[in-house]
Amino acid sequence: MKRVALLGMPNTGKSTLFNRLSGASARVGNWPGITVDLMSAKILLGGHIAELVDLPGLYDLHGFSDDEHVVRHFLSHHAVDLVLIILNSAQIDRQLSLALQIRSLGLPALLLLNMEDEAKRAGITIDAQAMSKQLGIPVRTISAKYGQGCPEALQLAAQTILQQPNLVTPQTIAHKLEMENAIEQEMHQIIDRTVHFPLQLNHSLTDRLDKVLLHPWLGLPLFLLSVFLLFQFIFTVGAPLQEGMGWLFDSLRSELLEPVLTSLPSWLNGLLLDGLYTGFSTVAAFVPIIVLFFLVMSMVEDSGYLSRAAFLMDTLMAKMGLDGRGFVMMLMGFGCNVPALMGTRVMRSRPMRLLTMLTIPLSLCSARLQVFLFIIAILFPPSQAALVLFSLYMVSFATIFITAILFKSKFSSREPFVLELPPYRFPTPQQIWMRGWQEVKHFLARATKFIVIGVIMVWMLTHLPTTAVPASPDTWAGSIGRFFAPVLDPIGIDTELAIALIFGFVAKEIVVGSLAVIYGLQGDALSHQIAANIDWVQGMSFMLFTLIYTPCLSTIATLKSESKSSGFMWLSLGWSLGLAWIVSFLFYQSVRALGY
Amino acid sequence: MHLDALKPGQTAIIDRIHAEQALSQRLSALGFRSGKQLEVIRQAAFNGPLHVRIGSTDVIIRLQDAKTIHLHPLPHQKESTTV
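The listed protein sequences correspond, in order, to chains A and B.
1 is the number of the first residue of the first sequence in my numbering; add one for each residue after it.
1 is the number of the first residue of the second sequence in my numbering; add one for each residue after it.
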């Protein structure tokens, strides 16, 4: 099978083209030695199936960023039959260097000049034929966004592969990549002879928008407002969808599965329904939020506003060893940690991405909010409720800040902060939809197994041995709670609460429900029992612990799949558990010492 | 004079770039080369990064990285124009 690599600078519409060419067949490939996701797809090329690989965006084949390393590694270890180089027509003067770098490697290539429409608006005209002659590479103008020229480009690619078999081995490429070459001069010559630039480029619409959106003191409030509105949109639309999913899964269970499975022994019945089925529905409950988040994020990203957000927030974030893009993801984490972790993919430097991923699980997400609202209503008078909740949010911010400061040096990113500010663009609905769909597939594929196993384990802990009443102190979970009593007593957490924390490991959504199972009570009776069993100091300590320790299994699964490192997942898990204990301990002991 | 000292609205010509290899390659790929003219469009609040226009490209750059770019100011422009 022929292999075609798609290569280009960031913001040239490379992913758009990839999505257009690959349709829905794209998947994340597994390439040895490469730590970022490379999408690949099987496409029909001149009557044969070929593999199209989407390489990360890069500025310079000889550059030093993580992405540039990935591309070099790929080209030096995998045979490629054709390189599709995609460049932005409006910035051809500086982007052509990439085409020359590929040509100098001796790889068969096809140059696609994208964003023809944008270049035309800016008054730039390119003589593609003359450029092709000068370069010795076929050149074709396209619009990846609207699809003009794409079928022709594929035909041209098929021809090029037939006419120019690749004779260069990856070893030769590895060798050539090591040698620098004088590309600059030739690039200038070709640009001078083939491209005509108007004296003043037309930046007007983008300029006018920037004047407002990047205003010295209006910019920041406008940014915060738009982020708030976007998240509001995600959760306003997402909540009923999530409820609908929940209803669907509940009805499926009570109408179909329960009657069918009654004949089974009760332990198998419980394992299948409370273990396996709950696991599947927990995973499925995230789907609407992830789709919506990525619909909105791809809109923000493709529109060019995300780079502007980085510009506005950079000063504050730089102090934490992060950059402005991390801020958007952190805010998202206050809705749901899972899509926020997936969204960190926009950060191209790995250490900075890991540091951001380490802080996100500390954001007080909407599932934890449910637990807090429940406990606060039981243990605090209404006049204090808002203050308690507010202080939990402050603790969440503080732990994020402390984590970033403490781990800044371990994940120090030497990458300089120099980012291109693309003009504002309107993404097309198809582009947005493809992105949302890809992300959900990705999440389901990676998270399902992990989460289902976790749910089954927790089910066994809280239901075995079979002689014990489920979720009672006689179960294995109760034994674990007692085993850790020396650690949990100093933070005021008793066996019942410890079992609830074990449930909370799966998802915070089930903590309140688990309390009902643990105490064997519901509604007001449950509230009275909890109020009688624990005082407000214990309750607060429990909430602090719940806030800081592992958010949920989905978050852990996402941490692992996004970082591609079990070590990092354990670091995040260990750090949040340790920090949760320290904070609860300091709170519990000092408040007790004050005489409460 | 270095790029970090240039005020919004001011224009200058790049003299030379004195940065470590990674940064200097990134800058050159973005179009920063000696002899090229650039303009500072704006600066983010709290002494934040600069928004610089060079040719057809808009770039944001932290002051610390901007320090590596040496400039000669355009002759007809006063260096200390207040904004």
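Some clues are possibly wrong.
For lysine to any residue, the following SDA-like pairs were computed, each having C-alpha atoms within a straight-line distance of at most 25 angstroms [as the list claims (entries may be wrong)]: (1) Lys441(A) x Leu252(A); (2) Lys564(A) x Phe280(A); (3) Lys36(B) x Val195(A); (4) Lys36(B) x Lys441(A); (5) Lys7(B) x Leu205(A); (6) Lys408(A) x Gln21(B); (7) Lys7(B) x Thr315(A); (8) Lys319(A) x Lys36(B); (9) Lys36(B) x Asp93(A); (10) Lys176(A) x Gln21(B); (11) Lys67(B) x Glu118(A); (12) Lys67(B) x Asp60(A); (13) Lys36(B) x Gly63(A); (14) Lys176(A) x Arg62(B); (15) Lys36(B) x Glu118(A); (16) Lys7(B) x Leu209(A); (17) Lys36(B) x Val440(A); (18) Lys319(A) x Arg62(B); (19) Lys36(B) x Phe280(A).
Think of the hints as simulated: they come from the structure by calculation, not from any bench.
Okay, the hints, checked on the actual structure:
1. Our distance criterion of 25 angstroms between C-alpha atoms is met by Lys441(A) and Leu252(A), whose separation comes to about 23 angstroms.
2. A C-alpha spacing of about 23 angstroms is found between Lys564(A) and Phe280(A), which places the hinted pair at or below 25 angstroms, so the restraint holds.
3. Proposed proximity of Lys36(B) and Val195(A) is supported: the alpha carbons are some 18 angstroms apart, at most 25 angstroms.
4. Our distance criterion of 25 angstroms between C-alpha atoms is broken by Lys36(B) and Lys441(A), whose separation comes to about 46 angstroms.
5. Restraint check: the Cα-Cα separation between Lys7(B) and Leu205(A) comes to about 23 angstroms, which is no more than 25 angstroms; the hinted pair holds.
6. For the given pair, Lys408(A) sits about 23 angstroms from Gln21(B) by alpha-carbon distance, which is consistent with the 25 angstroms threshold.
7. Restraint check: the Cα-Cα separation between Lys7(B) and Thr315(A) comes to about 18 angstroms, which is no more than 25 angstroms; the hinted pair holds.
8. Straight-line distance between C-alpha atoms of Lys319(A) and Lys36(B) comes to about 32 angstroms, which puts the hinted pair past the 25 angstroms bound.
9. Taking the CA atoms of Lys36(B) and Asp93(A), the gap is near 13 angstroms; set against the 25 angstroms cutoff, the hint holds.
10. Proposed proximity of Lys176(A) and Gln21(B) is supported: the alpha carbons are some 19 angstroms apart, at most 25 angstroms.
11. In summary, the hint linking Lys67(B) to Glu118(A) is not supported, as the alpha carbons are separated by about 32 angstroms, beyond the 25 angstroms threshold.
12. Pair hint Lys67(B) plus Asp60(A) holds up; C-alpha atoms about 22 angstroms apart against a cutoff of 25 angstroms.
13. With a CA separation close to 21 angstroms, the supplied pair Lys36(B) and Gly63(A) stays within the 25 angstroms bound.
14. Note on Lys176(A) and Arg62(B): the hinted pairing is violated, with a Cα-Cα distance of about 34 angstroms set against a maximum of 25 angstroms.
15. Among the hinted pairs, Lys36(B) with Glu118(A) is consistent with the structure: their alpha-carbon atoms are about 23 angstroms apart, no more than 25 angstroms.
16. A threshold of 25 angstroms between alpha carbons decides the hint, and for Lys7(B) with Leu209(A) the separation of about 21 angstroms falls inside it, so the pair holds.
17. Distance check on the hinted pair: Lys36(B) and Val440(A) sit about 45 angstroms apart at the alpha-carbon level, beyond 25 angstroms; violated.
18. Simply put, Lys319(A) and Arg62(B) have alpha-carbon atoms about 13 angstroms apart, close enough for the 25 angstroms limit, and the pair holds.
19. Between Lys36(B) and Phe280(A), the direct Cα distance comes to roughly 58 angstroms. Violation of the 25 angstroms bound is thereby established for this hinted pair.
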